[in-house]
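Chains as they are written, first to last, in the numbering used here: chain A, 438 to 1142; chain B, 56 to 300.
No lab work stands behind these hints, which were simulated from the structure alone.
Positions of the beta carbon are idealized from the N, C-alpha and C atoms, including for glycine.
It is possible that some hints are incorrect.
Quick look at which bits of chain A chain B covers, simulated, 3 or more residues with Cβ under 8 Å [as the list claims (entries may be wrong)]:
(1) 454-462
(2) 662-675
(3) 682-692
Derived SDA-like pairs (lysine to any residue); straight-line CA-CA distance at most 25 Å [unchecked claim]:
(4) B:LYS112 x A:ARG506
(5) A:LYS780 x B:ASP147
(6) B:LYS112 x A:ALA485
(7) A:LYS732 x A:ALA485
(8) B:LYS112 x A:ARG448
(9) A:LYS732 x A:LEU576
(10) B:LYS112 x A:ALA610
(11) A:LYS780 x B:LYS112
(12) B:LYS112 x A:LEU486
(13) A:LYS780 x A:LEU576
(14) A:LYS525 x A:LEU474
(15) B:LYS112 x A:GLY685
(16) B:LYS112 x A:ASP862
(17) A:LYS780 x B:ALA141
(18) B:LYS112 x A:LEU474
(19) A:LYS542 x A:LEU474
(20) A:LYS542 x A:ALA610
(21) B:LYS112 x A:GLU863
(22) A:LYS542 x A:ARG506
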Amino acid sequence: MNTPARTPGRRSRSILAVAHRDLLEFVRDRRTLFVTLLMPMAMYPVLALASTLGLRTALSDLEARQAPRQLVLILSGPEAVAFTARLKDVIRTDELRQRPDWPSKVAVEMVHPTQAQRLLDEGTADAWIQVAPGTLAALDGRGTVPLEARTSAIRPRDARRQAHLVAVMQALADDARQRRVEQAGLPPSVLEPVSLSFIGGPKAEPPASMEGIVPTAAGGVLVLLALLTATGAFYPAIDAIAGEKERGTIETLLIAPASPGEIVTGKFLAIWAVTLATLLVNAVSIAGTAAVLLKFLPPGYDLGIDAARTALTAGFTLVAFIGLAAVAAALCLAVTSGSRSGKEAQNTLTPVILLVSGLSGSALLPATGGLLFAMVPFAGQVSLTRSILAGEPAGMAAILLLISLVSAAAVTWLLLRAAAAALADEELLFRGPEAAGGLLLRPAPRRRPSTMQGFAAGLLAFAALWYSQGLAPENLALAIPFQQLALVLPLVALLAWQRVDLRHTFGLRLPRAIRWPMPAFAGLLLGAGLFIVAAAVTLAIRGSHLSSSARELAERIVTLIDAYPWPLSWALIAVLPAVCEEVFFRGWLLAAIAGDRPGPRRAAVAVVLQAAVFAGFHLLPERMPQTFMLGLVLGWLTLATGSLLPAVLAHLAHNSVPLVLVALADRHETRLALGDTSHMPGWLVAAAAVAALAGFSLIALSRRR
Amino acid sequence: MIEADRLVKHFRSGDGGIVRAVDDISFTVTSGEMVGLLGANGVGKTTTMRMLATLLKPTSGTARIAGHDIIREPLAVRRHLGYLSATTGVPDRLTPREVLVSYGRLHGLDEPTINTRVTELLAALGLETCATRPCGRLSTGQRQRVSLGRALVHDPPALVLDEPTSGLDVRGARDLLEHLERLRGDGRAVLISTHRLHEIERRCDRFLIIDAGRIVATGTRDELAGPTGSLEDAFFAAIDGGPPP
């Protein structure tokens, strides 16, 4: 039998063979067809119909509330007859009917005071005025006539009718004002000191403009489009690897002469094709629904739509979303490739899809956009369209589109690499979950936590930390232990469920070096040096400006240091975080991601990932670069020494520096210690750099020996 | 044709310990020979076969299929090997013809060769009448024959079959085994494992009995059981009596 050579053409044939096979499977799956084609075709019309109906009901309610109503005014008292005549004379003027607050009809009746309240309570009359003797004389005199309009004691007051009565009384007052001016022999211009008129072209009719509603509505539709496009990849991705594992067909692919990369690429192409079909159907449905809505727009309404910009927006959006569809397809494939069954894949993928919609929704926040934002998958595509609608020039939009596409390609490639690695993983392929029984299927003991358990702890701790922000006491001395507790409590719960080798997971042993004090000393040097070096680097890059949150935190820390004896401040600021955070990040999380005896690549990935999570946990953006760098060093330190102790000491030294500076120096250095200063003494940075370098060298040397 | 050379496979158990699934196994299956791999559940049969099929990487040792090393040339091995197990399925929404065509393409065969080969296989496996029905609507026996067709579409000189008759009725199993005998007759090397010893007792040329990851007995039926004894008795004697001297 001939053995064909592995040429690029042969690889392409393998990829296309897998893609063709999978695509046939997908299009014959009714769930896929429903989610891909039917749901989008029905969703937009239903949403539009529901929102239009809701809008129309709201508008008609508003119109009904604002429509002029009849005002029935009843008068009584000795001068009621004369007052009625005067009022009727005043309100006869046609001009008054043009006022927006004028009633459709004014009925003025005279009644006996004993009947008035009953008429009000029955709803026959809206207001009753008792006209006191001398009212008319006072009206033509120089004083102010007090009038009391009584309304029903039992019926709620109608705001619209009240406004009508105010307008009617305003007309009476205007008339009286006019009469007083005439009686005083003054010209009518006394009442009009300034007259303004416009000279120019014909008067423009103010349109019932809805300009501005388009970008807002488009934002919502784009988030929905991103979500539904990603949903198009949902079932095919579950079917592609997890489904094949369940059916036992994945083995038949893996024993074909194609690499995991080729298999994953073929599957990706099939999923991408389905996702693109979803995108296309969504786009058609959106365009069709928009056309229908425009047709039913009431005459005179202007949406401020420019045809050329609309075409540009639609074209750019579609191209950008092709990139989004690729990322969605690769993401769904990567997430499900680690699952052993369809159910497991569905459970894993559902939160990811929700997360994706959250990410695209972040583009609707104010002050988002720009070159960096365009690189973020899902958010970048939505942001791009919004910026074009907001008037971004075509050239800049093209650059943003290019960045978005390049970023999507890079992310897709990375995700496919991850999917291929998971596909080739023997454990994921052939081994089922190791359950030891019990109500919650408590897993069998492990040497180290699994990667999923690492991230589960991360998510739980993040949630606990987030909620603890709201519950934490104002006093920092109580808030710090509260937050550290929030960090480690989920870990304790997880440990009760998944038994691990504590010594191995948390590096509870002395460093592997020949003499353990050396790595411990190196850790102290590294941590202390890093604080100053990182502060200097941050200062050089970002300047001395601090956000109000960062400034407030710095001031609270200084207050804490000043207010308490140093052992307590030190325990709160340095010891507690050094122990709790190291146990969590360099203990559980790093052990989970790195696994047992990691190779250089896996170790590097684990160090970077846990450092990113560590930085993310320090919620303030200003602190993230510094904490990320610290996380990298501490992660490396733990893996290099095989012990958590040097990392705990380095963290301790790092957090102790502010206390030392506050204790030894004046307020200037205090601010310096907290990163708020216009300059950094050169000798201090140099000494810190030497300390960090010495610590690093000691660890490196002890490893070599 | 199939040569296992000191194959070892260790798995790491959840508590950090080592499980020796396959512990230093060596054997050969030559062209035109059908060899039965016998053993209880969990003794390393499937792991051995998965290593031969390049689905698992050996911890140490190696194997060669048609002269190609399973570690260094996995893709070449796959081109020369047909693999089928009780757990390998067929895609439910594809027809038998589509399944065979897609695997023919994956093996890099040209379209005319695929068409000829697929038509031949469908006829040989008795699948002509259901060639255009989705596999999900086929019987277990028909599906297993589609699986066998998939394993044979690239005309491999070596076959590794892990419990291929599992789930089949008596007739289905006999049809499949008769087909395998014909393949052996065509000069293919066949390694087959099954729990139903009587099915292969008179069909295999030799047997390898495996226990706790090691080969504990090997030989022809007569060598293991004698002319009057049963293979089943020989099997129990081998696994209960430990490795031969």
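Status of the hints after comparison with the structure:
1. 454-462: Satisfied; 6 residues make the cut.
2. 662-675: With 0 residues close enough to chain B, the hint is violated.
3. 682-692: With 8 residues close enough to chain B, the hint holds.
4. B:LYS112 x A:ARG506: violated, 87 Å
5. A:LYS780 x B:ASP147: holds, 18 Å
6. B:LYS112 x A:ALA485: violated, 56 Å
7. A:LYS732 x A:ALA485: holds, 13 Å
8. B:LYS112 x A:ARG448: Judged against 25 Å, a Cα distance of about 23 Å means the pair holds.
9. A:LYS732 x A:LEU576: violated, 56 Å
10. B:LYS112 x A:ALA610: It is violated: about 99 Å lies between the C-alpha atoms, which goes past 25 Å.
11. A:LYS780 x B:LYS112: violated, 28 Å
12. B:LYS112 x A:LEU486: With a Cα-Cα distance of about 58 Å, the restraint between LYS112 of chain B and LEU486 of chain A is violated, given a limit of 25 Å.
13. A:LYS780 x A:LEU576: At roughly 84 Å apart (the allowed maximum being 25 Å), LEU576 of chain A and LYS780 of chain A break the hint.
14. A:LYS525 x A:LEU474: violated, 68 Å
15. B:LYS112 x A:GLY685: Given pair LYS112 of chain B, GLY685 of chain A holds - Cα atoms ~19 Å apart, limit 25 Å.
16. B:LYS112 x A:ASP862: The given pair, whose Cα atoms are some 10 Å apart, holds under the 25 Å limit.
17. A:LYS780 x B:ALA141: At roughly 22 Å apart (the allowed maximum being 25 Å), ALA141 of chain B and LYS780 of chain A satisfy the hint.
18. B:LYS112 x A:LEU474: violated, 43 Å
19. A:LYS542 x A:LEU474: violated, 57 Å
20. A:LYS542 x A:ALA610: holds, 19 Å
21. B:LYS112 x A:GLU863: Roughly 8 Å between the alpha carbons, so the hint for LYS112 of chain B and GLU863 of chain A holds.
22. A:LYS542 x A:ARG506: holds, 7 Å
Hint compliance for this structure: hints 2, 4, 6, 9, 10, 11, 12, 13, 14, 18, 19 are not met, and every other hint is.
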